[in-house]
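Let chain A serve as the given structure and place chain B on it in line with the hints.
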Amino acid sequence: MPAMPEIILNVDDNEPGRYATTRILNRAGFQVLEAGTGKEALRLARSASPQLVVLDVNLPDMSGIDVCRQLKTDPATAGIMVLQVSATNIAVLDRVSSLSAGADSFLVEPVEPEELEAVARALLRLHRVEAELRRSLAEREMLLREVNHRVKNSLQLVLSMLSLQGGEFREAGAREIFAKAIARVTAIASIHERLYQDTDPLSIDMQTYLSGLCAELARAGIGDERHADLRTDIEPLRLPTENGVSLALIVNELVMNALKHGRPDDRPAIINVSLRRLDAGQARVTIADNGPGIAAGGANKPAGGLGSRLINMLVRQLNGQLRIEHADGYAAHITFPLQAAVTWDSKS
Amino acid sequence: MGLEVLIVEDQMLIAIHLQDLVEEAGHRVAAIAHDGVSALAAVANQRPAIAIMDIRLAHGASGIDVARQLYEQHRIRCLFVSANINEDVRQRVADLRPLGFIGKPFLAAEVIAAVQAAAIAVDSNSC
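Chains A and B are the protein sequences, given in the same order. Taking my numbering, I'd label the letters of the first sequence as residues 735 to 1082. Taking my numbering, I'd label the letters of the second sequence as residues 37 to 163.
Chain B on its own, in the form it takes in the complex:
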């Protein structure tokens, strides 16, 4: 059973690469969003189970703020994939029950493993 995954990433090339990896892991990409506004719009339409979240988004948006909105409004948890992962970021999203952190440049195997682990985590937590 595959999950619906939302990809929030402002670099289209990287977003498409992530889409290939999500599909290789056996899941589906519900939508690709490049900033906070499009991410929230996509959630309203598609109801994804999880999100892959970049930290620096288009139009100066912060993936941390978007992740907070996704979690507080829709209980959607994020797998953070960013060149900006550090202790500060980890602490600021700790209460959003993050599904993991992957630094860029990422290893494809790492992303696939994290998406598979996230699917199990979300599945065992749902009612």
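Extracted from the complex, chain A is given alone in its bound form:
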């Protein structure tokens, strides 16, 4: 790759001094632009995109330190290296304020030509490294966005495929088996819809996640055709992503059980789903119906099939406890420890 010619902007209102600096830098092989005022320096820095500005502290219209500060605060020019030069303001305080205004280095005139050249080269080297880092970071971000888009799109294709195929069945039993499969895949897939637009991709907001899944289950066509009133009372609670998926799958299984087995014959079906924070670093999710319960009908017992295997396995994965209660129907309580959430620091 042929190297882009590096441009240095030389800012000095004193003509002989400016001429001398330009001559040294030209001889070292650099392309040099000149400015005599702060205003002109800022204009050229934006239009000509130099890699380095050699900036005199004393300018007629404004202080070189202010020019530097403006360059470093404007995102369009912040990457430009600034070498502040002064003949008169040699007090330590001035050098310190130059550097705190964002200057990358400071030289006191008179400057030896070799030293000016060497410092210019060092700063340009730094600029190249920074530019390369910025470029590769931007590339990474683009790649990540692309992969993220692919994952979400592929999951959508999986769900659409399953839904279309499920629609092919006429027989209620087969439709229901398909509806269950779709609900299970949805519980896993729908976390991706929320994960990356959130500020914190390491944890998931359970309120929107579970409310969405419950709304989905209400129309999934599980159990009989009658309407079931699915009520959610979910505290705003963030869980580590892994635990969030496990909990969502548990809720999914228990709500599907309630839709299938927990409907009363004599009144409208009501299913309550709640998630609450308890004391002592624990939380509890409860899924309760107003159906016949185990004792009354015997039909409410979760079958020994995939559903109950999933529930037992996932409760163990959460280090949780499952408790079944027979009050006005069938209620399952899962109490689980809240881990100290790993927090995401986008700057690290």
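What the hints contain is simulated information worked out from the structure, not anything from laboratory work. This one's a predicted model, so the numbers in the text were calculated from it and none came from an experiment. Yeah, the Cβ is synthetic: ideal placement off N, Cα and C, and Gly gets one too. One should not assume that every hint holds.
Not the full set, but computed from the structure, chain B residues with beta-carbon under 10 Å of chain A [stated by the list, open to error]:
no. : residue
1   : Gln47
2   : Leu49
3   : Ile52
4   : Leu54
5   : Leu57
6   : Asp71
7   : Asn120
8   : Ile138
9   : Gly139
10  : Lys140
11  : Ala144
12  : Ala145
13  : Ile148
14  : Ala149
15  : Gln152
Covered, in the sense of this in silico footprint (three residues per stretch, anywhere, with C-beta under 8 Å from a C-beta of chain B), are these stretches of chain A [to be verified]:
no. : segment
16  : 894-906
17  : 922-929
18  : 1064-1071
A few chain B positions that, by computed beta-carbon distances, are all more than 10 Å from chain A [unchecked claim]:
no. : residue
19  : Arg83
20  : Gly96
21  : Arg104
22  : Arg111
23  : Leu143
24  : Ser160
Structure of chain B alone, referenced to chain A:
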């Protein structure tokens, strides 16, 4: 009373799924388009009331540009359904009076609710 809905989505499988959901919500699909050219052609023939719009379309087309044309030329408002919804997208289409934003993978219930809400919004706004 059902609406005529245009679906602009380059993945046919997803488009057909969306069609099922639009019909489940009680509306009709006027046409399915996979890029900007076919979307504008469909609008000329079918006059849909609203559009469901993906952001990344076939042949490098942007759903944002297509949505702008639909709105500026035909006053058709869009419900955006895409894996690319973010703050930038929301801002760029804010002046097109969007009917909503749904991320992919979407929940069917979410799409149905949004189409129903869109039908009410469009209906109460028409003369």
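Cross-check of the supplied hints:
| no. | hint | in the structure |
| --- | --- | --- |
| 1 | Gln47 | 7 Å, holds |
| 2 | Leu49 | 5 Å, holds |
| 3 | Ile52 | 6 Å, holds |
| 4 | Leu54 | 8 Å, holds |
| 5 | Leu57 | 9 Å, holds |
| 6 | Asp71 | 16 Å, violated |
| 7 | Asn120 | 6 Å, holds |
| 8 | Ile138 | 9 Å, holds |
| 9 | Gly139 | 4 Å, holds |
| 10 | Lys140 | 4 Å, holds |
| 11 | Ala144 | 6 Å, holds |
| 12 | Ala145 | 4 Å, holds |
| 13 | Ile148 | 7 Å, holds |
| 14 | Ala149 | 8 Å, holds |
| 15 | Gln152 | 12 Å, violated |
| 16 | 894-906 | holds (count 5) |
| 17 | 922-929 | holds (count 5) |
| 18 | 1064-1071 | violated (count 0) |
| 19 | Arg83 | 27 Å, holds |
| 20 | Gly96 | 14 Å, holds |
| 21 | Arg104 | 21 Å, holds |
| 22 | Arg111 | 29 Å, holds |
| 23 | Leu143 | 5 Å, violated |
| 24 | Ser160 | 24 Å, holds |
Hint violations for this structure: numbers 6, 15, 18, 23, all remaining hints satisfied.
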